[in-house]
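Engineer: Next come the chains, spelled out residue by residue.
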Amino acid sequence: MALYQREPYTTADRQKLADNESDQEEDALVEDYKEQVHFDDSMGMDELDRTASFGPSGGPQDMQAQLAAAATPLEYGAALDTKFASYDSYCNLFHYILNSEGPVELEVPTYYWAWDVIDEFIYQFESFCRYRNRVARTDPTSEDAQLLRENPNTWGCYSVLNVLYSLIQRSQINEQLEAMKRNEDPNQVAGEYGTRPLYRMLGYFSIIGLLRVHCLLGDFSLALKTLDDIELNKKAMFARVMAAHFTTYYYVGFSYMMMRRYADAIRMFSHILVYVSRTKNFQKNAQYDSVSKKNDQMYALIAICVAFNPTKLDDTIHTALREKYGDQLVRLQRGGPEALPLFEELFRSACPKFISPTPPDFDVPEINVDPVDHHCRIFMEEVKNTMWSPTVKSYLKLYTTMDLKKLAGFLEVEPEKLRGWLLVNKQRSRQVRWSEGALLDGEIVNGSDLDYAMQGDLIHISEAKVGRRLVDWYLRNLARTY
Amino acid sequence: MGIAFDYAPDRPEHIEAILNGLDRYNPETTNIFQDYVTQQCEDRTYDCYANLALLKLYQFNPHLTRDEPTTNILVKALTVFPSPDFSLLLHLLPPHILSPTTNNTAPTPSAVDTPLSEAVQKLSLLNSLLETANYSGFWSTLDSDDLYADLIADVNGFEELMRVRIASCVGQGCREVERGVCEGWLNLRGREFESFVGEICGWGVDGEVVRIPVNKENEAKGTVVREEVKFDQFSRVIRRAYEQPA
Numbered sequence: 001m002a003l004y005q006r007e008p009y010t011t012a013d014r015q016k017l018a019d020n021e022s023d024q025e026e027d028a029l030v031e032d033y034k035e036q037v038h039f040d041d042s043m044g045m046d047e048l049d050r051t052a053s054f055g056p057s058g059g060p061q062d063m064q065a066q067l068a069a070a071a072t073p074l075e076y077g078a079a080l081d082t083k084f085a086s087y088d089s090y091c092n093l094f095h096y097i098l099n100s101e102g103p104v105e106l107e108v109p110t111y112y113w114a115w116d117v118i119d120e121f122i123y124q125f126e127s128f129c130r131y132r133n134r135v136a137r138t139d140p141t142s143e144d145a146q147l148l149r150e151n152p153n154t155w156g157c158y159s160v161l162n163v164l165y166s167l168i169q170r171s172q173i174n175e176q177l178e179a180m181k182r183n184e185d186p187n188q189v190a191g192e193y194g195t196r197p198l199y200r201m202l203g204y205f206s207i208i209g210l211l212r213v214h215c216l217l218g219d220f221s222l223a224l225k226t227l228d229d230i231e232l233n234k235k236a237m238f239a240r241v242m243a244a245h246f247t248t249y250y251y252v253g254f255s256y257m258m259m260r261r262y263a264d265a266i267r268m269f270s271h272i273l274v275y276v277s278r279t280k281n282f283q284k285n286a287q288y289d290s291v292s293k294k295n296d297q298m299y300a301l302i303a304i305c306v307a308f309n310p311t312k313l314d315d316t317i318h319t320a321l322r323e324k325y326g327d328q329l330v331r332l333q334r335g336g337p338e339a340l341p342l343f344e345e346l347f348r349s350a351c352p353k354f355i356s357p358t359p360p361d362f363d364v365p366e367i368n369v370d371p372v373d374h375h376c377r378i379f380m381e382e383v384k385n386t387m388w389s390p391t392v393k394s395y396l397k398l399y400t401t402m403d404l405k406k407l408a409g410f411l412e413v414e415p416e417k418l419r420g421w422l423l424v425n426k427q428r429s430r431q432v433r434w435s436e437g438a439l440l441d442g443e444i445v446n447g448s449d450l451d452y453a454m455q456g457d458l459i460h461i462s463e464a465k466v467g468r469r470l471v472d473w474y475l476r477n478l479a480r481t482y
Numbered sequence: 001m002g003i004a005f006d007y008a009p010d011r012p013e014h015i016e017a018i019l020n021g022l023d024r025y026n027p028e029t030t031n032i033f034q035d036y037v038t039q040q041c042e043d044r045t046y047d048c049y050a051n052l053a054l055l056k057l058y059q060f061n062p063h064l065t066r067d068e069p070t071t072n073i074l075v076k077a078l079t080v081f082p083s084p085d086f087s088l089l090l091h092l093l094p095p096h097i098l099s100p101t102t103n104n105t106a107p108t109p110s111a112v113d114t115p116l117s118e119a120v121q122k123l124s125l126l127n128s129l130l131e132t133a134n135y136s137g138f139w140s141t142l143d144s145d146d147l148y149a150d151l152i153a154d155v156n157g158f159e160e161l162m163r164v165r166i167a168s169c170v171g172q173g174c175r176e177v178e179r180g181v182c183e184g185w186l187n188l189r190g191r192e193f194e195s196f197v198g199e200i201c202g203w204g205v206d207g208e209v210v211r212i213p214v215n216k217e218n219e220a221k222g223t224v225v226r227e228e229v230k231f232d233q234f235s236r237v238i239r240r241a242y243e244q245p246a
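Protein chains in written order, with full-length UniProt numbering: chain W, 1 to 482; chain Z, 1 to 246.
Be a bit skeptical, because a hint or two may be false.
Derived lysine to aspartate or glutamate pairs resembling EDC-like cross-links, with alpha carbons at most 16 Å apart [unchecked claim]: (1) W:LYS465 - Z:GLU227; (2) Z:LYS216 - W:GLU463; (3) W:LYS406 - W:GLU416; (4) W:LYS312 - Z:GLU227; (5) W:LYS465 - Z:GLU228; (6) Z:LYS122 - W:GLU381.
Note that these hints are calculated values from the structure, not bench results.
Pulled out of the complex, with its shape left as it was, chain W reads as follows (with noise of 0.2 Å):
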């Protein structure tokens, strides 16, 4: 119908302005990109020559093959034993970091080795929980099971948030960045580890990795505040490894997502978006394939976001968006009961891969519900509650007032439940935005172009319009001729 139709994104972003980042600060950190992966490559160079060198003595070769290992990915469907082994080894990696007299001396095999062992560690932590809630599910008499069940500790959740919490407390790294962010020398408040680029790497990759956890256990709250001493900006330190920046968007991003939250989700999403697809040219293939579906998860986040909450996007993300999710797109943002199994689908294929932190029942398979499908059915819930939004939103744009009798008549629904559809469009259009300080921090705002009162049964509508961005125009014009 002629009504639904709608343009995409006619909202006006009142944040935008603000958002927009200088054109040169992206060219800056595109630069910063290029360099890093130079120097990536010479680094790599270098580490040839040092383990060459290092090859008669046995000791320092062997720590280097552990230190290696651990930032390697296990092969694709390793047995059991290699992933109880592996456990293992990481057990003894980081005692022997945390735990041995006095900081230690090692020679990390790259520059990435920091994030790329964290990286690795949670992601063989979130994989072993979820083989060990598929196995309890679908085949809780096999060997394996058997096997998982008499070793209910490997892979605990305490273990892994120890690991996290003890490398962020070794390195005193909050309380370095705190002290970044005071404009003091974090050097003075390092401690003897903190010093030691090993520990300060660890620490602070770890504090990624506790966001990472805690957003895969369900914790979206306490996954954000955990960011509190980082600040979310280019200068940053995970912004120096592409992954690691990556990461902590997506996750970033999806806590928001969760908490409803949709112009911070979508604020997140966007900027890291366009970041990939400036710096796409760049990009080592092995690299940037792990990234690309990453990529394509965020583009179907951020179009479930713009669905709940209609924003103008960057005219990159607008485009690409486009391309990938044309028509789904329209779909979301038309509502109603037919958009529900779109909704799913996009949630299930972008949202992380839940776990469920403690081991299973393997007596009563029925009882181990893949935790996404617990965390999918609770935001279903959020969608269905709100799916009439759209329909109402596109109709009261064509009027200044209305009566809600002929309105229910239009959409052929009882005025009382017409009712209840103003006031959810109402309550959801305030959202908590971030405007300064840390990221659980926000106001209130109307996130919506369209404003409305009900007295009685009339409608009062109102729209915020958006003055012609003259200045822009001229500028950005004014450019192009020069």
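Keeping the supplied structure of chain W fixed, place chain Z upon it in accordance with the hints.
Structural biologist: Relative to the frame of chain W, chain Z by itself:
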């Protein structure tokens, strides 16, 4: 008026200390958090961030889980709808808790169909009714089952807290409401209704119409957003002027 999610005005210092340290994972603090939940129920305060920490302890240590604090936390979260708190709490409960009770002939209903699971599902239904602004449906469902009365028994002043919350949502979206509709939303009739609306909400009753004074949210005034121009935007133009003297 910025409000951080993790902020609660009435949070005691010892709770604050636990939340900011690693003791929030310590199973021994479970009792402290449980007492704090009881306290919130009694003195009508609310601290979602601390309650999430208790559910997290339960998540990590399932054997410590107690049904009563869990449901009390959820009931408290109903009183702050339509905030996302209720959902955020649900995310930390065991994954099977929301699975529809299996009506299969399989003789294992006991495993999934625990009292906690039933209670949580009932409360989720209430939450949905509130979030879809079906307030009269909420009251009638609440009255429809004795289990509900048990669930809300610990939360001091639950019905009044709900009324205040509903009223504030209504006040956001309406300037005038038909009396009959409003009575259904607040589940109050006659004199009781008039005194609640007049004294607590500060609204006027005028025959069959309830008048809500204008506030920031219900005035729905049209605005024109004007372009904000910052000097920085001209930096390129100005630089250009220096680089290429005409």
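Engineer: Does the structure keep Z:LYS122 and W:GLU381 at a Cα separation of 16 Å or less?
Structural biologist: Status holds; Cα separation ~14 Å.
Engineer: Quick one, are W:LYS312 and Z:GLU227 close enough, alpha carbons at most 16 Å?
Structural biologist: Roughly 15 Å between the alpha carbons, so the hint for W:LYS312 and Z:GLU227 holds.
Engineer: W:LYS465 and Z:GLU228 were given as a pair; does the straight-line alpha-carbon distance stay at or below 16 Å?
Structural biologist: holds, 14 Å
Engineer: Measure nothing beyond the straight line between the CA atoms of W:LYS406 and W:GLU416; if it is 16 Å or shorter, mark the hint as holding.
Structural biologist: This hinted pair holds, its Cα atoms lying about 12 Å apart.
Engineer: Below or equal to 16 Å on CA atoms is what counts here, so check W:LYS465 against Z:GLU227.
Structural biologist: With Cα atoms ~11 Å apart, W:LYS465 and Z:GLU227 stay inside 16 Å; holds.
Engineer: Within 16 Å, alpha carbon to alpha carbon, are Z:LYS216 and W:GLU463?
Structural biologist: Given that 16 Å is the threshold and the Cα spacing comes to 15 Å, the pair holds.
Of the numbered hints listed earlier, not one is contradicted by the structure.
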